[in-house]
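Chains as they are written, first to last, in my numbering: chain A, 579 to 841; chain B, 30 to 299; chain C, 5 to 218.
Keep in mind the hints are simulated off the structure, nothing from the lab. Please note: incorrect hints may appear among the correct ones.
[To be verified] Listed below are the simulated EDC-like cross-link pairs for lysine to aspartate or glutamate, each with C-alpha atoms no more than 20 angstroms apart in a straight line:
no.	chain 1	residue 1	chain 2	residue 2
1	B	Lys299	C	Asp149
2	B	Lys201	B	Asp214
3	A	Lys825	A	Glu802
4	B	Lys107	C	Asp146
5	B	Lys250	B	Glu196
6	A	Lys823	B	Glu79
7	B	Lys38	B	Glu119
8	B	Lys172	B	Glu123
9	C	Lys40	B	Asp52
10	B	Lys107	C	Asp148
11	A	Lys825	A	Glu807
12	B	Lys100	B	Asp175
13	C	Lys40	B	Asp175
14	A	Lys814	A	Asp748
15	C	Lys40	B	Glu265
16	B	Lys107	C	Asp149
17	B	Lys100	C	Asp148
18	B	Lys38	B	Asp175
19	B	Lys38	B	Glu124
20	B	Lys236	B	Glu290
[Stated by the list, open to error] Stretch by stretch, here's where chain B covers chain C in the computed footprint (C-beta under 8 angstroms, at least three residues):
no.	region
21	8-20
22	81-94
23	106-117
24	140-154
25	161-167
26	172-182
All residues carry an ideal CB built from backbone N, CA and C; glycine is no exception.
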Amino acid sequence: MRNGPISTYGGWLLAAAAAGVGLFYVARGRIRLSCCSSRTLPRFTHAERAAHWFVAATFILLAVSGLVILFGKYVLQPVIGVGAFAVVASAALQGHNLFGPLFAVGIVAMFVLYIKDNWPRGADVAWVLKGGMFFKGHVSSWKFNLGEKTWFWISSLGGFALAGSGLLLDFPWLAQTVQQLQLAHIVHVIAALAVIAASLGHMYLGTIGVEGALEGMTTGRVDETWALEHHDLWAKDMIAAEAEKAKTTTLASSSVSGGAPAE
Amino acid sequence: MTSVRPQAKSASAAVEKFLALTDAAVASYLEACVHCGECAEACHFYLVTEDPRYTPTHKLRPMARAYRRHKAPFAPLKRALGLAPSEVTEAELEEWAPLVYDSCTLCGRCTVVCPMGIDIAGAIRKMREGMTAGGFAPADLYKAADLAIATGSPLGVREKALRKTIEIQEKKTGIPVPLDRKGADYLVILSAMEIVGFPCTIGALAKLFKQAGISWTISTKTFEATNFGIQMGSREVAATLVGRIVAVAEELGVKYVISPECGHAYGALK
Amino acid sequence: MDIIGFIEGPLWYFSATVFVAGALWRLAGILRFGRKPDLSVPRGSALAWAVRGFFLHFVPHGGFGRRTAFHLFAGYLFHIGLLLLLFWAAPHVAFLERRVLGFGWEPLPHWGFVVAAEAAFAGLILLWFRRISDPVLRTISDADDHIGSWLTFVVMLTGCLALQESHAELRALHMLTVELWLIYFPFSRLMHAVTFVFSRSYTGATYGRRGVTP
């Protein structure tokens with residue numbers, strides 16, 4: 579089953595995802611920032627960013643090695659030969675098994691850190707009805723729009739499925755029956771293909787697809803205009819919060835300055 | 030009278046001094062830094078402004094570049110291969126002067142936090158020597174140093190002003206201030222600022238010594254404690270100024286020299 | 005001689021020589037600058053404080069614990085993991101015994117090796133994140149920092165790819181990256197592994213002699 583329908587459909591799914599991203603880029607183009615303000619708003623904390631890049635790094639290593647394990651026999655072996663492919667496959671499997679547990683820890687941490695802003699809300703319906711970002715024109719959103727929330731749930735639930743099935747495959751003595759291992763195998767492959775396909779969209783949008791997005795995940799802050807354009811409901815809250823903070827800071831410092839000590 | 034400040038600014042004079050002061054310890058410091066950024070977390074200037082230019086190791090960049098270009102173990106090889114840093118320029122030193130002078134109090138917190146145990150504060154102190162030699166130290170510091178060398182005090186406070194201030198304090202407290210007394214236990218040196226702005230310090234000292242029953246004196250020849258040579262980074266100036274204190278202490282045969290709350294004064298004496 | 009033979013043979017000897025000779029040359033080059041004697045009255049033993057200073061800078065002191073926590077955690081995770089797998093992973097112990105020292109010791113069990121490797125990778129990835137995101141590190145980092153950390157990552161990665169220990173090519177790939185790393189070491193910031201002993205000791209001696217905790 580793994581080498582038949584799943585591989586075939588999975589392969590087409592990935593190709594479709596890649597094509598979809600390409601098509602989106604051609605049709606909609608890079609979503610640009612209309613202008614830049616001199617002010618920034620905090621978007622991701624240090625912990626959120628550390629968790630994201632940790633998971634991203636391990637995910638890429640796992641995805642590449644995983645795809646080699648799944649498709650290598652059809653895609654690479656005809657090109658490089660059986661002997662060479664045996665080497666590549668061994669390398670891929672070892673790497674895949676080593677990074678798996680790191681990804682498992684990371685995805686749990688990410689889920690805990692990001693869940694609070696990823697529950698569905700009223701504004702999401704309006705966002706979808708207006709076509710999200712597929713069309714020009716403004717659509718309101720909180721911190722994460724429905725597209726981002728969808729990615730969160732796919733990557734988290736998919737990630738848990740990958741981690742759980744992966745751990746069973748990495749440490750087979752944890753399973754009781756062969757059927758469990760076979761099931762784990764199938765779950766692992768389906769989840770992997772789904773998450774990898776979705777990740778292509780995520781990686782595209784987070785880097786070249788939306789101008790001003792990457793800074794949020796590297797420096798932790800986003801341009802204020804960017805925030806108002808893409809996540810205005812969240813941005814307005816943040817601007818108010820920053821103003822409150824500025825007020826209390828000024829108050830504190832002005833009460834400290836007393837007179838110079840008398841001679 | 031020749032000024033401490035050189036006639037013209039010279040990047041090469043600064044670099045020469047940087048290299049001359051890079052001994053085994055400083056070289057090991059410049060070599061050991063792994064750019065981990067912990068020093069920034071200890072520096073007040075960075076913590077308040079969150080401007081990464083105040084990162085302590087960043088303040089040392091010109092000196093580090095000069096070392097790696099000219100003095101580091103593989104420097105000739107790297108220069109030949111075009112892999113050594115480029116020559117330090119006048120513009121660079123001008124840009125770095127505020128970082129090295131206005132944004133560092135040599136408090137040493139960066140030295141404490143560094144995982145490699147690099148004495149960053151000490152290295153900045155050495156870097157100031159090069160900056161001074163090249164003419165890149167702040168203008169006021171050169172002026173103060175010149176005045177201190179010429180008159181004994183960076184504010185130009187001379188014996189006459191000292192005597193007048195002491196007279197007023199003696200009247201206020203009713204306690205005489207012994208001047209130029211040989212064989213006293215303590216020699217008191219003062220900051221010019223104390224004499225001019227906070228003269229009651231002298232009266233307070235008189236009361237303390239009287240209560241403790243300790244003999245003390247102030248020298249009318251050398252009474253300035255502050256050391257602009259230490260502050261701006263000029264060993265010659267620092268040595269001259271502290272040498273005067275040592276000379277008068279030996280001349281009067283005192284047991285101890287008491288310094289005011291001045292970091293540079295205390296550092297010079299120590 | 006085929007390429008694998010070259011990697012396991014002549015290139016290994018060459019890279020090991022460059023590593024040892026280069027590191028010694030560089031260290032000697034630093035130490036020969038010497039130091040003027042401190043003429044002040046000593047308030048503590050310079051030698052004792054050189055040693056104390058060395059150990060003291062292993063731990064956060066002076067009240068900076070919270071601010072430096074992330075870097076400390078990631079840094080130790082990486083370094084301790086790396087040290088463990090370098091000297092206690094079975095393939096490494098075997099290599100050292102056969103080709104370097106002539107004697108070996110009891111290695112970690114396989115699971116211990118894997119845990120150490122994962123800790124090292126986790127630490128390195130977290131440190132890499134810090135270097136690309138923290139504004140201070142973005143300002144002060146240069147090519148040497150990035151090359152050094154990526155090279156180390158590649159060495160570790162090729163090592164883990166060869167974990168099954170059944171393909172000469174994978175082992176050779178790992179050895180090749182190790183040899184590149186050894187050649188790069190004396191000319192780069194990777195030398196901190198050696199110089200940190202001296203920087204800490206000099207600071208300890210200087211300040212300890214004057215009665216100040218370094």
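The hints, checked one at a time:
{"no.": "1", "hint": "Lys299/B / Asp149/C", "in the structure": "39 angstroms, violated"}
{"no.": "2", "hint": "Lys201/B / Asp214/B", "in the structure": "24 angstroms, violated"}
{"no.": "3", "hint": "Lys825/A / Glu802/A", "in the structure": "19 angstroms, holds"}
{"no.": "4", "hint": "Lys107/B / Asp146/C", "in the structure": "16 angstroms, holds"}
{"no.": "5", "hint": "Lys250/B / Glu196/B", "in the structure": "17 angstroms, holds"}
{"no.": "6", "hint": "Lys823/A / Glu79/B", "in the structure": "17 angstroms, holds"}
{"no.": "7", "hint": "Lys38/B / Glu119/B", "in the structure": "8 angstroms, holds"}
{"no.": "8", "hint": "Lys172/B / Glu123/B", "in the structure": "18 angstroms, holds"}
{"no.": "9", "hint": "Lys40/C / Asp52/B", "in the structure": "8 angstroms, holds"}
{"no.": "10", "hint": "Lys107/B / Asp148/C", "in the structure": "13 angstroms, holds"}
{"no.": "11", "hint": "Lys825/A / Glu807/A", "in the structure": "26 angstroms, violated"}
{"no.": "12", "hint": "Lys100/B / Asp175/B", "in the structure": "32 angstroms, violated"}
{"no.": "13", "hint": "Lys40/C / Asp175/B", "in the structure": "28 angstroms, violated"}
{"no.": "14", "hint": "Lys814/A / Asp748/A", "in the structure": "47 angstroms, violated"}
{"no.": "15", "hint": "Lys40/C / Glu265/B", "in the structure": "16 angstroms, holds"}
{"no.": "16", "hint": "Lys107/B / Asp149/C", "in the structure": "17 angstroms, holds"}
{"no.": "17", "hint": "Lys100/B / Asp148/C", "in the structure": "18 angstroms, holds"}
{"no.": "18", "hint": "Lys38/B / Asp175/B", "in the structure": "17 angstroms, holds"}
{"no.": "19", "hint": "Lys38/B / Glu124/B", "in the structure": "13 angstroms, holds"}
{"no.": "20", "hint": "Lys236/B / Glu290/B", "in the structure": "18 angstroms, holds"}
{"no.": "21", "hint": "8-20", "in the structure": "violated (count 0)"}
{"no.": "22", "hint": "81-94", "in the structure": "violated (count 0)"}
{"no.": "23", "hint": "106-117", "in the structure": "violated (count 0)"}
{"no.": "24", "hint": "140-154", "in the structure": "holds (count 8)"}
{"no.": "25", "hint": "161-167", "in the structure": "violated (count 0)"}
{"no.": "26", "hint": "172-182", "in the structure": "violated (count 0)"}
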